[in-house]
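**Q** Next come the chains, spelled out residue by residue.
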Amino acid sequence: MAPHISWFSILFSASDIHHSHPTSAKAVQQIYVWDRFVRLFHWGLLVAVTLAALSGFWLGATWIRLHVVAGLLAASLVLLRLIWGLTGSHHARFSSFVRAPHEVLAHLRELRAGVAPRHIGHNPLGALMVLMLLAVVLSLAITGVMTLGGEFKTPPLATLSYDQGQFAHYVHKLLAWGLGGLIALHVLGALFESLRTKENLPVAMITGRKALRNEDADFPSNHSVRIRPVLTVIAAMVLFSGLAGWAGLPGGSGHPPLPHAPVSPSAFNVDYASECSDCHAAYHPSLLPGSSWQQLMAHLDDHFGEDASLEAQTAQEISDWLVTVSADQVDSKPAHVFRKVSPAHPDAISLTPFWQKTHAAIPKKTFSQPPIYGAFNCAACHADAATGWFFPSNISIPKPPITIHGNTSLVSVPSAIVEE
Amino acid sequence: MKGRLALVRTAVVLTLAFALVTPSVAAAGARSSIIAGFAAKAGKPLSAARGKAFFTGKHTGGKPETPTCLTCHTSNLRGMGKTRAGKAIKPMAVSANPERFTDPKKVAKWFRRNCKTVLGRECTAQEKGDVLTWLATQ
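Just so you know, the protein sequences line up as chains B and X, in that order. Here my numbering is used: the first residue of the first sequence is 1, the next is one more, and so on. Here my numbering is used: the first residue of the second sequence is 421, the next is one more, and so on.
Hints are not guaranteed to be accurate.
The calculated lysine-lysine pairs, modelled on DSBU-like cross-linking and capped at a C-alpha distance of 30 Å, are [as the list claims (entries may be wrong)]: (1) X:K507 - B:K365; (2) X:K536 - X:K507; (3) X:K502 - B:K399; (4) X:K507 - B:K399; (5) B:K365 - X:K483; (6) X:K510 - B:K399; (7) X:K507 - X:K483.
Derived from the structure by calculation, the hints contain no laboratory data.
Chain B on its own, in the form it takes in the complex (with noise of 0.2 Å):
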C-alpha cells in the first residue's frame, strides 16, 4: 500500500491535474479543468439550492427545518468555496477567472462580433456569474438567520427585532426569486457555451476533463500553482468554528431573557390560569392587543355564545393583568400578526386576516371533526401553542380517529348523547 494515500490526497490530489490523458493518437487530448471539490461543490450546491426552493416556495412554513439545514447547506458549501476559492486548483482559483469589467465588456463585444475565443476556465461571463451566484446564496443565507432571529427569535441574532427580522425575510424573498433568475441564467449561458464551443460543459462539469485547444484564450493554462490542502482544512476550521462560536453564544446558560418575550405560562396571573382553562385551554396573552382583551373581558356574559361570566372584580383583575402582557407588549411573530384584528370580532383570533389566510387551505371538517373540535384549539395542531411562540416546524394536524358505522371511537361526542 502506498504510504502516502489518505483521504487528502484521494479529495485534493493534484496528481491528475498535470496529466493530459492521450488514450490514442488521433484522440481529442483531454486536460483535467475543474478539481474534485469544485464539481463536489457545483453539484452539491444544486441539491442544497433545490431542497432549499422546494421547502421554500413549495412545501410550506411547516418545512422549515429542512429549509434551514438546506440553507446552511448552501452556505457552507459557498463559505468553502471561498477558501478553495484562495487555495485551490488553478481554474478554481479567483484569480485565475475574476475579470475587470472592460475585459467581460470586451468578451460581450467578442461575442456579438462572433469572434469570442474559447475559455478553458470560466469565460468572463462565466466568471461573473459564478460572484453573483455566490454573494447570492450567502445573501440568501444571511437574512434567513436574521428572518429566524427577528420574527421567530431563533439565535444566533435573536435579538433583532421583529421588524428588522420582517426586512430580512422580505430581501430573503427577493433574493430567492433573483436566485430564481440567475439560475435560469446560468443554465441558459451554460447550453449557449456549449452550442458555441461545441463542447458539452454540463458533462465537463462531471467528469472534469475538457479537450484541449491551442486557440483557447487562457491557453497555455497555467497549471503551475500548488494546491494549499492543509491550509485549506485550516482556514476552514478556523472559519467555522469562528462561525459555530458565535452562533452559539445567545444560547449559552449566560444568556439574558428576550427582550418583550412572551409571558410565560408559569409566570400567569392565577385567575387567568384557572377561571380562563375551565372551559378551553388558556390562551396566550399576547395573541390579542389590550384594546382586545378589555372588550372581550368585558362581555363575558356573552363569551362566544356562552356565559362565561366571573365576579366583576376578578374579571377586572384578569382584564388589568391581560393588558400588560398583550400583544401590544411582545415582539414576537405571532403577537405582531394578531395585533391587527378583525373589525367586526375584535376578541376572536380566529377571524384575525392573519389566521383566515394561514388556516384558508384546511378543510373546514378537520377543524370540526376530533380530536380537534374547533377553530378554538390551538394546541391540538401547534404543539408549542401555550408559550406563545407558535414555531412553524412544531405543526402537526392530527389524524381524525377511526370512524366505525359514522360514530366515533373516541369518548362520546357530545351530539351524540343528546340523541340517546
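Chain B is fixed; fit chain X onto it per the hints.
**A** For chain X alone, kept in the frame of chain B given last:
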C-alpha cells in the same frame, strides 16, 4: 412488648382512618350547608327525584346546542364530561368526585353560567337544591 406493638399499630390505623375520613366528613358538611341554604331559600322540602328530572330532562329557552345538562356532563355521571370547547369536566356524581359542591363560590358560578346556557334564565333556589340533593346521592 407484643401488646405495646399492637397498641401502636391500632393507633396508626386509627390515625390514618381519621385522616382519610376527616376531609370527606368536612366536605359532606360543606355540601350539606350549601344544600340547606338552597332549601331555606326555596322554603319547600327538596326532592332528589325532581332534581333528577331537571338534570336529565330537555329544556327550551337556552341555546339550541345545549338543550340539557347531559350535553356536556353526559349521562354517565361517574365519568368525565366535556365542555363545548373540548376541556374535560370532572364527574358530577359525589361518589366519584368527593370535592363536588363543597365551594359555594364555584356552585354559584356554574349554576349562574350553565342555567343561562341551557334554560336561558337563572335557576331557582329549589331547582338548584333539588339537583344537588340528587347528585349528592349519586
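**Q** Give a verdict on every hint.
**A** We went through each hint and held it up to the structure:
1. X:K507 - B:K365: 20 Å, holds
2. X:K536 - X:K507: 20 Å, holds
3. X:K502 - B:K399: 20 Å, holds
4. X:K507 - B:K399: Holds, because 19 Å separates the two Cα atoms, which is no more than 30 Å.
5. B:K365 - X:K483: 23 Å, holds
6. X:K510 - B:K399: Distance ~26 Å between K510 of chain X and K399 of chain B Cα, so the pair holds.
7. X:K507 - X:K483: Roughly 19 Å separates the two Cα atoms, so the pair holds.
Figure legend: structure checked against the earlier numbered hints; every hint is met.
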